[in-house]
Amino acid sequence: MTVKTADLLRTPLYDLHRKLNGKMVDFAGFELPVQYEAGILTEHRHTRSKASLFDVSHLGQVVIGGDDPARALERLVPGDLVNLGEGRMRYTMFTNDTAGILDDLMIVNRGGDWLVIINAGPRVADLAHLRAHLGADRVAYHPDRALIALQGPAAATVLARFAADCARMPYLSSATLSIAGVEAFVMRSGYTGEDGFEISLLPDRAEAVAEALLAEPEVAPAGLGARDSLRLEAGLCLYGHDLDPATTVVEAGLTWTVSKRRRAEGGYPGAEIVARQLAEGPLRRRVGLLPEGRAPVREGAEILAPDGRKIGTITSGGFGPTVEGPVAMGYVETPFAAEGTEVQALLRGRPVAARIVKPPFVATRYYKG
Amino acid sequence: MSGLRYTKDHEWARLDGEVATVGITDYAQAQLGDIVFVELPEPGKAMGQGEEAAVVESVKAASEVYAPLGGEVVEVNASLQDEPALVNADPMGRGWFLKLKLSDPAAFDSLMDEASYQAYLKELA
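So the protein lines, in turn, are chains A and B. Residue 512 in our numbering sits at position 224 of the first sequence, with consecutive numbering throughout. Residue 96 in our numbering sits at position 90 of the second sequence, with consecutive numbering throughout.
Read the hints as simulated data drawn from the structure, not as lab findings. This list has only true hints and no planted wrong ones.
Residues from chain A that face chain B, not an exhaustive set, calculated with beta carbons under 8 Å: (1) Q323; (2) G513; (3) S517.
Ranges between beta-carbon positions, derived for each pair: (4) A/A503 - B/K107: 53 to 61 Å; (5) A/D385 - B/M98: 53 to 61 Å; (6) B/A95 - A/K548: 52 to 60 Å; (7) A/E630 - B/E129: 44 to 52 Å.
The beta carbon of each residue, even a glycine, is placed where N, CA and C say it ideally should be.
Bound conformation, chain A alone (with noise of 0.2 Å):
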């Protein structure tokens, strides 16, 4: 398969990847990099150990105004936004009426207008969504804005010194800070485990925002490989491969962003297959793996019972730099998702012992304030 780069998107840092090195691909329509010079293991220990920045001005990010957002975005998703401050942020998706998962994504209590920010795949239909639901004129989505990241145990100490404002910020909240003379919207979140910030910039200023924080000393430049296998042993999901619209809320281990009052009052598409599958149980559950040996076992490979039978499949599946060996997610048949439980994964046909656990594989250290 050949992809001509002239239909793919290029996002306002196309150029400082150049200059980086980066080795860019197709990533959901975007020409980004999926790895610089150093390589997806050092970014991604760099990450664990110091800080990276990453580009995500792949993902959509989606103004909602007009009255009360909170309210008419809670028609669409199972979080509680009524009930977030200003400032907040939560981690909620779009669900349909199989309470299966449209997209995964952040809303942002912004005072006045709420930000909604969406994934690369999905975007066209999350916006046609947004829109047939709340009409269009509420609906204002901003494909020119840069979003960076900077994640890593340093990220905090680094920002800090451009705003010192950032460093006393709780974990999912937000303010607008000037960095290196440049208005940032800045979020303390990420996808990594650890923590970090992420930016939106307006693009003609966001390649000058990167340079900066790319000169401070602890920060190297990481990329969407190391993003990929530092959110797998974090134990976050992918859109896409760990969720999808045939994979409800319940089955996805995701209810813990279903708030009491959601659960008491519903008001979104599937909500009675949610209050269904939490009072009864799902057949099905995503579990976390650990595949014996050093092989990775990779999406697609299929689950089995240790009588053969097949009761599952790895949704996401790589090496772990920092485990230093396999981890994998799934969904297996409830019955074999308690922790602890034996099964196995068929690698290029040879079933290779496998233990459930839950995950994060790798201790996440959001900051706790």
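With chain A's structure known, arrange chain B on it following the hints.
Structure of chain B alone, referenced to chain A:
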């Protein structure tokens, strides 16, 4: 005359008597990125030219390594089990994969020599 030959799939082979040492080229390891696991065949296994000889796993994906020529596996590089990154660090040396006793040593010269392989890489660029 160099004793090294290459395939279009970026394997190399070095002949010593009738035994060829086989690995992947520097170009191949750079394309694959960080290698985290190598699956090697059992010694004694016979394979034809172009058959799957080994599997190399990078962080991102699994790729097959093919036998450049037909023969029988007489030795595999056991150090790759503990240190697969040798393939990245020294692909033409300590990162070798296996040794094949060739069923037809004369066929060795049918593979690309250094100059042909370098020309082939230029075409790919």
